[in-house]
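Here is how the chains run, residue by residue.
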Amino acid sequence: DTEVTQTPKHLVMGMTNKKSLKCEQHMGHRAMYWYKQKAKKPPELMFVYSYEKLSINESVPSRFSPECPNSSLLNLHLHALQPEDSALYLCASSQLAGELFFGEGSRLTVL
Amino acid sequence: AQSVTQPDIHITVSEGASLELRCNYSYGATPYLFWYVQSPGQGLQLLLKYFSGDTLVQGIKGFEAEFKRSQSSFNLRKPSVHWSDAAEYFCAVGASYNTDKLIFGTGTRLQVFP
Numbered sequence: 001d002t003e004v005t006q007t008p009k010h011l012v013m014g015m016t017n018k019k020s021l022k023c024e025q026h027m028g029h030r031a032m033y034w035y036k037q038k039a040k041k042p043p044e045l046m047f048v049y050s051y052e053k054l055s056i057n058e059s060v061p062s063r064f065s066p067e068c069p070n071s072s073l074l075n076l077h078l079h080a081l082q083p084e085d086s087a088l089y090l091c092a093s094s095q096l097a098g099e100l101f102f103g104e105g106s107r108l109t110v111l
Numbered sequence: 112a113q114s115v116t117q118p119d120i121h122i123t124v125s126e127g128a129s130l131e132l133r134c135n136y137s138y139g140a141t142p143y144l145f146w147y148v149q150s151p152g153q154g155l156q157l158l159l160k161y162f163s164g165d166t167l168v169q170g171i172k173g174f175e176a177e178f179k180r181s182q183s184s185f186n187l188r189k190p191s192v193h194w195s196d197a198a199e200y201f202c203a204v205g206a207s208y209n210t211d212k213l214i215f216g217t218g219t220r221l222q223v224f225p
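In the order they appear, the protein sequences are chains A and B.
No gaps in the numbering here: position 60 of the first sequence is 60 in the numbering used here, and each next residue is one more.
Convert by adding 111 to the 1-based position in the second sequence; the result is the number in the numbering used here.
Quick caveat, the hints were computed from the structure, so don't treat them as lab data.
A hint or two may mislead.
[Said to hold, decoys possible] Chain B regions said to be covered by chain A (calculated; three or more residues, Cβ under 8 Å): (1) 142-152; (2) 156-162; (3) 192-205; (4) 211-218.
As the structure is a prediction and not an experimental result, all values here were calculated from the model.
Backbone N, C-alpha and C fix where the C-beta goes; we use that ideal spot for every residue, glycine too.
Chain A with its partners taken away, still in its complex shape (with noise of 0.2 Å):
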């Protein structure tokens, strides 16, 4: 299996809810990545865990909350978003260098 599976695959929310985007690997990898892409701009990484570690935050405002419950889940809770937070959220996992594997994505849009 060498897939990332990410739930859901789209989204809509209002600014005071609470929501959460859901991704699982079965590859054994040992890292996991969020990204953060935005439409015909590169992905932007947010949060990296190693080993169920965080082990890179890049300065991503609170109302995004990452959770990383065992080495096959990561978690990315949503809340009191604002409408600029719309877009492609990206999922990967990794166990070689930069060897990312990336999910398909979860489109969302915050009204």
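Dock chain B against the given chain A, drawing on the hints supplied.
Relative to the frame of chain A, chain B by itself:
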């Protein structure tokens, strides 16, 4: 600081023609270099990588890239493009001490005409 430049925002080629996508990097030491491809509505897929050794690297889908230290470049090539190659291509650089943090270029959109 590391940086990646992809000078071409948009390239159009005919099916069967050859392709070269440019990538220039800035990094003090030997970088780890990658090319990723993103089809519309999809995540990114790794095409190939360079860490060290042979400067011509082969990847998936018939792509290759050549690392030229003197030009700080890592250009992606394909001898004959297929319509299914139409996508966004991202060059990325990682520090040898922490490749968990990749820096992506701005991307080149490839359009293929029949």
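Results for each hint:
1. Only residues whose C-beta sits within less than 8 Å of a C-beta in chain A count toward coverage, and the segment 142-152 of chain B has 4 of them, enough to reach three; the restraint holds.
2. Chain A is given as covering the segment 156-162 of chain B, and this holds because 4 residues of the stretch bring a CB closer than 8 Å to a CB of that chain, at least three being needed.
3. Judged by the Cβ-Cβ criterion of 8 Å, the segment 192-205 of chain B is covered by chain A as claimed, because 3 of its residues qualify and three suffice.
4. With 7 residues bearing a CB less than 8 Å from a CB of chain A, the segment 211-218 of chain B meets the requirement of three and the coverage assertion stands.
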